[in-house]
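Starting from the structure of chain R, add chain B where the hints point.
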Amino acid sequence: MAQHGGPQQRIFSPIRTALHRFAFILLIVSCFALMLLGKADTVLIERIRGAAVDLVSPFMNLASRPAASIDDVTNRIESFASLYEENLRLHEENRELLAWQQVARNLTYENSRLRELSHYANPPSQHEVSARVIADMGGAFAHSMMISAGTRDGVLKGQAVLSDEGLIGRVADAGYQASRVLLITDINSRIPVMIESSRDRAFLSGDNTDRPLLTFLTADATVAPGDRVLTSGHGGAFPPGIPVGVVSSVSENAVRVAPLFRRHQVEYLRVVNYGLAGILKDPDALHNMPHLDQGNATSDNNLPTGVGVGPVPAEPDMAEPPTFSSSPAATPDARP
Amino acid sequence: MKPGVWQRLDVIARSTVPAFSVFVLLLIGLLPYSIPKLADVTPALTLMAVFYWSVNRPDLMTGLAAFMLGLIQDLLTGLPLGVSSLVFLLVQAASANQGRFFHNKAFTVMWWGFAIVSGPAFLLQWLFSSALTGALLPFEPLVISYLITAAVFPLVAWLLVRLQNSLLRNL
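Going down the list, the sequences are from chains R and B.
Position 21, counted from 1, in the first sequence is what our numbering calls 990; the numbers after and before it change by one each time, with no gaps.
Position 29, counted from 1, in the second sequence is what our numbering calls 71; the numbers after and before it change by one each time, with no gaps.
For reference, chain R alone in the conformation it holds in the complex (with noise of 0.2 Å):
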């Protein structure tokens, strides 16, 4: 190439040499503007990550099938194994669950009569929707997820994102069709939330480990390893109440919660609207809210879900147990 050439060469390579190097100055610092245009957080760098996860999706959305169909198989012949004896446990649990279907029967019945006794205001509806685990985006550098449901089925950013057992994270960057879910332990999320048994109050800070970290607890908090931990609604993001973790330990200078899910076997999150407000400033976020539970119908179920408060924050050690006391309820959990 260049080493044979004639005068034409002689001159053009330096000029090439020189045009090769002023690029890559130029890509170095567009990279730097890159830096400060994230930082800024702008509306069009998040519309610009919600396209790009769309642009994936379909092919995520097909690659990552065969894995689950291979938990699928597994889990097929374990239960087929254990045929009989579930069929006796799941008859057991009806029965029991039957006796408790009276039971909240009874309860609903008595609560709606309280209710117009006195004049309570229902907490806003909730708008659910399920969507499938296509990528988790590993690495020591982010803790997120893309999930296949996205703006058209609902999904709006800042949108709190469970699994059966708990909170999972949040929103980050909604897509048309698929979207991106910030965990809980990425080093950019904080949640409100507090200690179930003591309602100490506290931010449970990511920082990229798998094990997040209680911030904010006021000195005189009494914490102990074991104890759950529960949004507590503040800031309007969440709502009370659902379950994010357990402590799992206690020294001087960090007390260090558990997540409730496990990060390799989460398929299948739901995307819960719960119709507050929060951190969606957006005006034409929320004039949407209302429009898709109108509109969606397979994949809306308005259930009031007795969330106990709405987006005011609570004061639980004031003269009113009940707002609290009944909002795990809301969210079924496991309790041992």
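If you're looking for bench data, these hints aren't it; they were derived computationally from the structure.
Keep in mind that this is a model prediction, so the values were computed, not measured.
A couple of the hints might just be wrong.
With a straight-line cut-off of 20 Å between C-alpha atoms, the simulated SDA-like cross-links for lysine to any residue are [unchecked claim]:
no.	chain 1	residue 1	chain 2	residue 2
1	R	K1008	B	A173
2	B	K79	R	R1180
3	R	K1126	R	R1159
Which chain B residues face chain R? A few, computed with CB under 10 Å, are given here [said to hold, decoys possible]:
no.	residue
4	K79
5	L123
6	G124
Backbone N, C-alpha and C fix where the C-beta goes; we use that ideal spot for every residue, glycine too.
Quick look at chain B alone, frame taken from chain R:
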């Protein structure tokens, strides 16, 4: 007399193979595997491919390609924008300059070369990610991830050699 439209399309398609292979490796790295603890220490598959192509086909893995691939990675994984672009760009520049050194040498030389180049790459990524999030990211998963990445490199390189020999031989 003319090369023909199809032939030219074929050449263009083949010349995008390196960049496309990095993209596919990125997606493979994103798939959810039901293996405990894997998510914490995923090997940097894309970094391996960027290094491999920069050494072997710097004409096809250009600085611009490395930059764009880094951008896609940051967008998809939710990392601070621009960090992967910078890392890939520097890896590309460093490896493309030293590429001739690896030619006609045993594979172990390239392996060592990758281990040496990817160390600072990981460190740089850690440094910039920490600076942009405003907190020190944990260092331990970084080290484990680096070791796994260095260990897995031959496997990925083997695949890329096959790819190069089958699709890019005459290009």
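- Query: Which numbered hints turn out to be false for this structure?
  - Reply: No hint contradicted; all consistent.
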